[in-house]
Amino acid sequence: MDFFNDLMTNPGITKAMWPAFLETMQMTGISALFTVVVGLPLGILLLNTARGGLTPNRGLNVLLSGIIVNITRSIPFAILMVSLIPLATLLVGTSLGPIAASVSLTIGTIPFFARLVETALRDVSAGKIDAALVMGSTRMQVVRKVLVPEALPGIIAAMTTTIVTLIGYSAMAGLVGGGGLGRLAYNYGFQRYEPAIMVVTIVIMVLLVQLVQIIGDWIARLVDHR
Amino acid sequence: MITVTDLRKVYQQGDRTVVALDGVSLHVDAGQIHGIIGHSGAGKSTLVRCLTLLDRPTSGSVSVNNKELANVSDADLRTARRRIGMVFQHANLMDSRTTAQNVAFPLELIGTPKAKVAEKVSALLELVGLTPFADAYPSQLSGGQRQRVGIARALSSDPDVLLCDEPTSALDPKTTDEILELIKSVRDRLNLTVLIITHEMNVVKQACDSVSLLEAGRIVEHGDIAKVVADPAGRLSQALLPMPGELPDDLPAGTVLDLLYSGTQATEPVISSIARTFNTDVNVLAGSVEHLGEHQFAHIRIQLPEGADIDAITKHLLGNGVAVTVKETK
Ligand SMILES: Nc1ncnc2c1ncn2[C@@H]1O[C@H](COP(=O)(O)OP(=O)(O)O)[C@@H](O)[C@H]1O
Ligand SMILES: [Mg+2]
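From first to last, the protein sequence lines are chains A and B. Heads up: the first sequence at position 92 corresponds to 102 in the working numbering, and the numbers run straight through without jumps. Heads up: the second sequence at position 323 corresponds to 1814 in the working numbering, and the numbers run straight through without jumps.
Incorrect hints may have been included.
[What the hints assert, rightly or not] Covered stretches of chain B, going by a simulated chain A footprint (3 or more residues, C-beta under 8 Å):
(1) 1597-1604
(2) 1773-1781
[What the hints assert, rightly or not] Derived CB-CB ranges, DEER-like:
(3) Asp1668(B) with Arg154(A): 56 to 66 Å
(4) Glu1559(B) with Gly62(A): 21 to 31 Å
(5) Gly62(A) with Gly1522(B): 44 to 54 Å
[Claimed, not checked] List time: in silico DSSO-like cross-link candidates among lysine-lysine, alpha-carbon distance up to 27 Å:
(6) Lys1675(B) with Lys1718(B)
(7) Lys1675(B) with Lys1558(B)
(8) Lys1818(B) with Lys1806(B)
(9) Lys155(A) with Lys1611(B)
(10) Lys1605(B) with Lys1665(B)
(11) Lys155(A) with Lys1806(B)
(12) Lys1818(B) with Lys155(A)
(13) Lys1806(B) with Lys1718(B)
(14) Lys1675(B) with Lys1665(B)
Since the hints were made in silico from the structure, they are not lab data. We treat Cβ as the ideally placed atom computed from N, Cα and C, and that holds for glycine.
All chains, full assembly: derive it from the sequences and hints.
See the structure below:
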């Protein structure tokens, strides 16, 4: 009981926990939004510029897939984050805080999400695309009326995975100035040696991840008529 | 009406060239059901892809109702494609759409007003007998029902031509019959020109007015069913009215004749007329009688005893419109 009472009066929890939680949500939310807004079209382009796609374009495909996506994905996230600090400063005027951290989080996650989207879209059978073309669809109509709706369960699953990844990355981003639960765990748990705070933070993050996964799976099932 | 002229399609695979279509010409009159039959690898799928311009032919032309499809711009091609309704082997429905939404797909593409779409979709579902399944998703339908949705969807752009690529190859025999009956009935109602690609002779038997045999990218036999069947040496005739190849070893001495004829009479009159006219025994060894389109066809193997006047009998038969092949004399 003492342990519990200590926790309830610990300023790390009573004062710092809620703002840290909000910062984490802010980082994850902003990054998730921009990741989807940019990553979904990028995933569609990755698929359709490849050989056998709707608009094969070798040059563009090599640029997008080989250079941008693969290189970004092969740089460890921690390093990418640090190297993007100047860009964040340029875009939002500061290198500190959750908004600045969202810049590098978004850039780090877009290629990951785009690949997942590409894979989900690739699962749409060629027969459905042929059928749509034979019915007189434009390429844009094939994308909007066939590829995306038919791959929606997979795209939702990709979003879920991406948000879960972002929650983890956001903790890392916290260490280099982003704030949030990652920063809190580091400050209290590591620097002040208060393992209880660390444990509470971990529990909250685990619950958050579970919640996102459950909601994501539920939505994916809802839109899946296969 | 469909006209295909000297269609060629050559695929380049590395330094290997595959001639998938080697000068295919084809003409199907309005309101006809034409079957294209061929073994695996004959070029059937390639032909379908060239007819719908999913693949550009290497050379040759394809026209539907005298409108040329090959060599048109992308925008014109989309309009032209709406003249062709296509039915696929695996239906290729959109899993995220209900039956009604699938049938509405071609109408949505050209921005048809909602009320018009609803009206048209319900008429088409009525036509294919799926009204109670309007809100079902494809995963909740049987293979036959999915194919019905596919047919309704193909008809929703009011095409002149219905192109069916192996429409029954994934279905059981009973469902195959139902789908072929449906195709025939929509042809009658809408006066469609229908092209059925298949590897099943049964489909040709049941549904087609005319047929082409595709082999290694060429059409090697073609014509009305009555015409191709009447040629006993023809491959289509042999496939449509099969006859066992080998004669049994223990056959008594005599002459074996294969008779091929059409008409409304059953087998009896021809055979009994030989027996009566030539006062001889007639031993029926094998045979098949089939209804093909409007006509009934019989392919009968008989044996005549030693001493029968084969020349006179053959002449009598030929005079009665029966094709005769002398099989073997012992
Ligand atoms: N995209 C392609 N590239 C190379 N060869 C092909 C391609 N499509 C078909 N072929 C070849 O063309 C021939 C005809 O194939 P296809 O039209 O699929 O026959 P079918 O549908 O009658 O089984 C085959 O030899 C096949 O290997
Ligand atoms: Mg094939």
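field: Hint check, failures only
entry: As far as the earlier hints go, 2, 3, 5, 10, 11 and 12 are violated by this structure, in ascending order.
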